[in-house]
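Visitor: These are the residues of each chain, in order.
Protein chains: 2
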Amino acid sequence: MNDRAEHIHKAFDEELRQLDNRLAEMGGLVEAQLAGAVEALRRGNTELAEQIVARDKEIDALDIEIDLFSVRLVALRQPVAADLRTIFAAIRISSDLERIGDMAKNIARRTHAVSRFPPLATTASIASMARVVQTMIKQVLDAWTARDTEAAADVFARDTEVDQHYASLFRELLTYMMEDPRNIGPCTHLLFVAKNLERVGDHTTNIAEQIDYAVLGTRSAERETHDPTNSLVPEAEGG
Amino acid sequence: MNDRAEHIHKAFDEELRQLDNRLAEMGGLVEAQLAGAVEALRRGNTELAEQIVARDKEIDALDIEIDLFSVRLVALRQPVAADLRTIFAAIRISSDLERIGDMAKNIARRTHAVSRFPPLATTASIASMARVVQTMIKQVLDAWTARDTEAAADVFARDTEVDQHYASLFRELLTYMMEDPRNIGPCTHLLFVAKNLERVGDHTTNIAEQIDYAVLGTRSAERETHDPTNSLVPEAEGG
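Top line first, the protein sequences correspond to chains A and B. Numbering-wise (the numbering used here), the first sequence opens with residue 3 and increments by one. Numbering-wise (the numbering used here), the second sequence opens with residue 3 and increments by one.
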């Protein structure tokens, strides 16, 4: 390798590292946002909720920054094979993290509506579902940093757990609504919160897929984003 | 331009046309799926609903095909500037179309649960909301084919209409639930259907953004995916 080629090679490696650093930064922010949103909802802390909503702009800005940086990288360095795949994977991971950020914002936004009602037992179930998806985010970000496809596979397995949590929360919320119409308002909001958490789980599995894509070059069909409650008919009515 | 350069140039133009054709094909399929899903839900036609669910695989396959084709195009032709942006835009549009396909599938999946109840007046409101988002999909796909940024801007304007439909449906459904607990089951499903349609609207505006990006090179901050019902407290309770 001549000096010039070596120089470009080093510069490109450094740029790929920068890309990873930005993704890690974004991932950390998204984790904190989701934790904060669930905390705000549980405690009825509307002030914290507003902070979470305001901070989402930082995540959006990071997404655009990663996106523009990646496109520039492709145009300037004209990478191929694994390097090109890594850049495409980074763009998609950034987009999934941005959407997880949106979910956190949506959850935070419901704090006000939910806080006006006496606390429901459900918020404990929501907190435990949130813990599972938070672990998944952490796991998948570590798997990306290490380019560890086995750790990525674990994330898929855990998503089943999230779906189970969601199905049981859905039933729980429907029961509360039928018991007392005053529960309908807050329970409707909590249904959407549960759905948001379920979608966070789906986004982490999308990220896990990108690890396979970057490392192995495989691109599996989009995994089913199956909502286990789609055809649920509450017993009290469906008979 | 020498013969070889001209040959490559022509081949690349042809490939970009192929990319557009695939996107148009995918767009047509997605439009048909959404129309079918809403039809199935309205008529309680579970057979049609099952067909819609089954056909979603075709959309997923097209998304992956467009994706792989695009990445190959970048690696082989090493495009820059507007050509490179067009390819990145195509990848993102394909991903948004794939998600609209998922929304259609989710709506179709709720047909069974909803069909077990007497029809609610709400399904007419859902059908009229669906008509708005279907028009948006058509508009944005035409705008992409023509690379027409003004037509793309119209899509954003129309999304406000979708948000209004959604907010009014949300209130309507909550009212039904409070009137009669037997409505809670089907109304919960219809709430998610309304939410899915609202998300389809958001995806069409994402596509509109990609037209700006491909044509002008601008990449605006992700538009607010604001759910107008986030902080809604039903009057009957919030008081």
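Do not take every clue at face value.
Which copy is meant is left open, so a pair is good if it fits within one copy or across any two.
[To be verified] Distance condition first, Cα-Cα at most 20 angstroms in a straight line; then the derived SDA-like pairs of lysine to any residue:
1. 140 with 114
2. 197 with 38
3. 140 with 159
4. 197 with 222
Treat the hints as calculated values from the structure; they're not laboratory data.
Visitor: With reference to the structure, classify each hint as holding or not holding.
Guide: Checked hints:
For the homomeric pair residue 140 and residue 114, neither the shortest alpha-carbon distance inside one copy (28 angstroms) nor that between copies (37 angstroms) is at most 20 angstroms. For the homomeric pair residue 197 and residue 38, the shortest alpha-carbon distance inside one copy (17 angstroms) is at most 20 angstroms, but the shortest distance between copies (24 angstroms) is not. Proximity of residue 140 to residue 159 under the C-alpha cut-off of 20 angstroms is restricted to the intra-copy arrangement: shortest distance 15 angstroms within a copy versus 38 angstroms between copies. Proximity of residue 197 and residue 222 under a CA criterion of 20 angstroms is satisfied in neither setting, with 24 angstroms inside one chain copy and 28 angstroms between copies.
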